[in-house]
Structures are given as structure tokens and as C-alpha cells.
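Going down the list, the protein sequences come from chains A and B.
Read left to right, the first sequence gives residues 29 to 239 (the numbering used here).
Read left to right, the second sequence gives residues 4 to 67 (the numbering used here).
Treat the hints as calculated values from the structure; they're not laboratory data.
These figures come from a predicted structure and were not determined experimentally.
Do not rely on the hints blindly, as some may be mistaken.
[What the hints assert, rightly or not] Below, a sample of chain B positions facing chain A; criterion: calculated Cβ distance under 10 Å:
{"id": "1", "residue": "Lys11"}
{"id": "2", "residue": "Asp29"}
{"id": "3", "residue": "Lys31"}
{"id": "4", "residue": "Ile33"}
{"id": "5", "residue": "Ala34"}
{"id": "6", "residue": "Glu36"}
{"id": "7", "residue": "Glu39"}
{"id": "8", "residue": "Ala40"}
{"id": "9", "residue": "Ile41"}
{"id": "10", "residue": "Ala45"}
{"id": "11", "residue": "Gly55"}
{"id": "12", "residue": "Glu59"}
{"id": "13", "residue": "Asn62"}
{"id": "14", "residue": "Val64"}
Think of the CB as a built atom: it goes at the ideal place given N, C-alpha and C, for glycine as much as any other residue.
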Amino acid sequence: MIPSKEEMTAAMTARHGAELQERFSSATVAICGLGGLGSNIAISLSRAGVGRLILIDFDKVDITNLYRQQYKAVQVGKDKTVALAENLKEIAPYIEIEAHTVRITEDNASELLIDADIVCEAFDKPESKAMLTNFVLEKMPDKYLVAASGMAGAGSANDIKTRRITKRFYLCGDGVSDVNESGSLLSSRVMLCAAHEAHTALRILAGQYEV
Amino acid sequence: MVSINGEKVNADGMSISEYLANTSYDLKKIAIERNEAIVPKAKYDETVLCDGDSVEIVNFVGGG
Chain A
29 MIPSKEEMTA
39 AMTARHGAEL
49 QERFSSATVA
59 ICGLGGLGSN
69 IAISLSRAGV
79 GRLILIDFDK
89 VDITNLYRQQ
99 YKAVQVGKDK
109 TVALAENLKE
119 IAPYIEIEAH
129 TVRITEDNAS
139 ELLIDADIVC
149 EAFDKPESKA
159 MLTNFVLEKM
169 PDKYLVAASG
179 MAGAGSANDI
189 KTRRITKRFY
199 LCGDGVSDVN
209 ESGSLLSSRV
219 MLCAAHEAHT
229 ALRILAGQYE
239 V
Chain B
4 MVSINGEKVN
14 ADGMSISEYL
24 ANTSYDLKKI
34 AIERNEAIVP
44 KAKYDETVLC
54 DGDSVEIVNF
64 VGGG
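The shape of chain B in the complex, shown without the other chains (with noise of 0.2 Å):
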């Protein structure tokens, strides 16, 4: 299971780019850490999701 955005989900195995997809995540207002470091978004194809994994999907709204 993968811890993403404190809860687990079954994402073993999907890269973050499958993960994504089944999400409602706009692509240009997201960064993503995975295992306290910053995944570069180039690399969201790439990079696979593991068992234990810790990811936060950062999420940014409007307003400053």
C-alpha cells in the first residue's frame, strides 16, 4: 500500500503519471513529493509507485 496524502491506497506498481489518470488532479497546479523529496514532473511517466511509499500531492488554490 502507498500512504498518499495520509491515506493508504493500493497504487503498487502504477507510476504516478496511471496513478494521476484516475484522479481529478489539473496537472499544472500540482507538486508532488514522494519520500520527502520533490518528484520532478518530467519523471511522473517513470517514476513507480511502491509498497510503503510515501507521497503528498500538493494541491494549489487560488488566492494571495
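The following block holds chain A by itself, in its conformation from the complex (with noise of 0.2 Å):
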């Protein structure tokens, strides 16, 4: 039987502290791409019992996906926002989760990201990256962004860091690992990054935003 949602916010309060669950519970936060980064972070943020997720991404599961990211072999085919949903509901059933199956572009960020407190770049394109990255700074101030750049190949888990490069930018990763020349991304690594933007994201909802 699942828990009531009275019983699940007792046990992550039991956890937390019941100022810090407040936050988290109230808290919006978009990921933009939902593959290795994406899905990982979603599954950190919804465990953590952050009130509200923004799912973005155009995409579907495929076969090849399933090495690293955050879905079942029954899922390949489904639209990731769907599947991730589904696999979110699981472990957090009373989450609310707001669904966009849209690419991102410059025309519909700010429609797509408005609610959220926090912006997380999750994107495997360098210029795909570089387009949110610029866009919230510029076009969204108010908002938090976390981003990542550097989680390929099977470098050291120590040189993932986080780095905090403005007072609203965090940018997570090793800075140089490109999967277009390591040619891999190797799971863990990929986790690794995604717990620093996700780590990132709770520590900014908890008021510390020093890294």
C-alpha cells in the first residue's frame, strides 16, 4: 500500500527539520533535459520532497538511453517527460510534476521556465547549454541556474566540482570533459554531475549559496 501523503511528509520532516522540508516542499524546480543529467537530478530533487518539478524535453526513450539514464527497458519508445513522470510518481506520489514534451528555444523559455525558482541546464549539447545559460541570465535575473559542462569520459569522480561563477550562476561538472572527444559517459560520472546540480539546488532552497 502507498503512504499517505501525510505519512511521507512526517518521514522526510523527521529527516530534514520541518523549516528545511518547507522549503524543499514548496519549492519549483524546471529541469530542462531529461536524459542522464535530467533524470538523475529529477529522481534526487522529487526523493528530497522538493514540491514541484518543470519536465522538459522533446524526446523519446531509446534502447541506447537505458546505460545512464533514469528509465526502464519497458519505456523505450515513450516520451522521456512521460516515462520520467511515471518513474517519479513511484518513488514520490504526491510530487506535482508539470509536463512540457517541447524543445527549448529562445522563443519559449520564459513561457516554459516562469515558476520556476530554479533553472537546471540539462542538455548534452554544448550550444544547446550555452543558449539557456545566456537566456535565463539575461532574460530571467530572478532566477537560480544551475548548469553542467565537462562529465564525459572516465576521468577522476574528484575532478567533478561545483563552481559558483555569478551570484545566480552554478556551473557543475569538470569544465573540459567533451563527449565529442572522450567519445564515452560513463553512468557514474554523468551521476556524479547530476548530484552536484542537484546538491546545488537543495543548498540554494536551504538559504547556503556558498558552494
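Dock chain to chain to rebuild the complex, using the hints, since each chain is given by itself in its own frame.
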């Protein structure tokens, strides 16, 4: 039987404390891109009790995603937004999910991200990462942006870091490991980077802004 | 001198566009912060670097 909302809130509050749990449960976080980064970020944030997630991706689950993205073999062919929402609801049945199966562009980003307290950039292409970063920081200066660059290959886990670039812009990753050069992405290293992004989002919600 | 990605560079008086022209950065893959604020892409031409400025060029790489 699925626990009640009250039971789940009580269990999280026992661990996080009432103040922190209230900050998490009243927050809205947007996740842009639901691949290796985004699917893992979503799972961390839903487990922590973040109240509302905005999930955005135009793509469908592919067999080549399963080695590092948080989908299941039975979900191949489904929209990533739909598949991830299913998985998150199994973990956190009372989370509020707003899903958009679209490609984010400069034309629709404002509308998609307007309700977010924090925007997590979780794309794979550098052009998309740069577009979203420039857009959010220029046009939506009240948002916090958590982005990622450099998590490919089999380099050390300890090279993955979080840096605070400006007051509202955090950057996770090793900064240099490009999938187009190394040719590989390991699930564990992508998860590390996703965990940095999720942890940064939770720290911002907790009012802890230094890295 | 201007601090760019932690290195002291003699770029005083150069616009960001002029500085970038001598580098290999791909304009489509970067974001630039100057003295704790993002520099809008439309302002790279008119933003002139000054002695003491601190600049970070974030060069995004693929993978996610």
C-alpha cells in the first residue's frame, strides 16, 4: 500500500527538519533536458521532497539511453517526460509534475520557466547549454541557474566540482571532458555531475549559497 | 591587466568581441561573466575590458 501524503511528509520532516522540508516542498525546480543529467537530478529532487518539478524534453526513451538514464527497458519508445513522470510518481506519489514535451528555444523558454525558482540545465549539446545559460541569466535575472559542463569519459570522480560563477549562476562538472572528444559517457560520472546539480539546487533552497 | 579565466591578460581597452577574435572560442558555445554579471551576447561589441576587470568565459562542452 502506498503511504499517505501525511506519512511521507512526516518521514521526510523527521530527517530534514520542518523548516528545510517546508522550503523543499514549496519549491518549483525546472529541469531542462531529461537525459543522464536531468533524469538523475529529477530523482534526487523528488526523493528530497521538492514539491513541484517542471520537466522539459522533446525526445523519447531510446534503447541507447538505458545504460545511464533513469528509465526502464519497458519504457523504450515513450516520451521521456511521460516515462520520467511515471518513475517519479512511484518514488514520490504526491509530487506535482508539469511536463512539457517540447524543444526549449529562446522563443518559448520564458513561458516554460516562468514558475521555476531554480532552473537546472541538463542538455547534452554545448550550443543548447550556452543558449539556455545566456537566456536565463540575461532575460530571467530573478532565477537561479544550475548548469553542467564536462562529465564525459572515465576521468576521476574527484574532478567533478561545483563552482559559483555569479550570484545566481552555478556550474557543475570538470569543465573540459567533452563527449565529442572522449567518445564515452559513464553512468556513474554523469550521475556524479547530476548529483552536484541536484545538491546545489537543494542548497540554494536551504539558503546556503556558497559552494 | 584583465583577469580572464584566472590568467592575467593584457586586454585593456579591447572589446569582448575583439578579444574573442584572437581566440578559438565558438560563440555558440560560450557564456561570459564580467565582474560578477553576465554579459549579454548582443553587448560583446560594445563591452570594453578595463584594467582590473575579472572575466570568466564559460566554454560549454558536450555530454549530459
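Checked hints:
1. At about 19 Å, the closest approach between the beta carbon of lysine 11 of chain B and any beta carbon in chain A exceeds 10 Å, and the interface hint on this residue is violated.
2. Proximity of aspartate 29 of chain B to chain A holds as hinted, the smallest CB-CB distance being about 8 Å (cut-off 10 Å).
3. For lysine 31 of chain B, the interface hint holds, the least distance from its beta-carbon to any beta-carbon of chain A being 5 Å, beneath 10 Å.
4. With a cut of 10 Å, the hint placing isoleucine 33 of chain B at the interface with chain A holds, because the nearest CB-to-CB distance is about 6 Å.
5. The restraint placing alanine 34 of chain B at the interface with chain A holds, with a minimum CB-CB distance near 4 Å, inside the 10 Å limit.
6. Below 10 Å, beta-carbon pairs count as interface contacts, and glutamate 36 of chain B has one with chain A at about 5 Å; its hint therefore holds.
7. Because the beta carbon of glutamate 39 of chain B sits about 5 Å from the nearest beta carbon in chain A, less than 10 Å, this interface hint is met.
8. For alanine 40 of chain B, the interface hint holds, since its Cβ comes within 10 Å of a Cβ in chain A; the closest pair sits about 6 Å apart.
9. Using the Cβ-Cβ criterion of 10 Å, the hint placing isoleucine 41 of chain B at the interface with chain A is satisfied: the shortest such distance is roughly 4 Å.
10. The beta carbon of alanine 45 of chain B comes within 9 Å of a beta carbon in chain A, closer than 10 Å, and the hint placing it at the interface holds.
11. The interface hint given for glycine 55 of chain B is broken, as the beta carbon of that residue sits about 18 Å from the closest beta carbon of chain A, more than 10 Å.
12. Here the hint on glutamate 59 of chain B is kept, as its CB sits about 6 Å from the closest CB of chain A, short of 10 Å.
13. For asparagine 62 of chain B, the shortest C-beta to C-beta distance to chain A is roughly 7 Å, which falls under 10 Å, so the interface hint holds.
14. Taking 10 Å as the C-beta cut-off, the interface hint given for valine 64 of chain B holds, the closest approach to chain A being about 4 Å.
In terms of the numbered hints stated before, the structure departs from hints 1 and 11, listed from lowest to highest.
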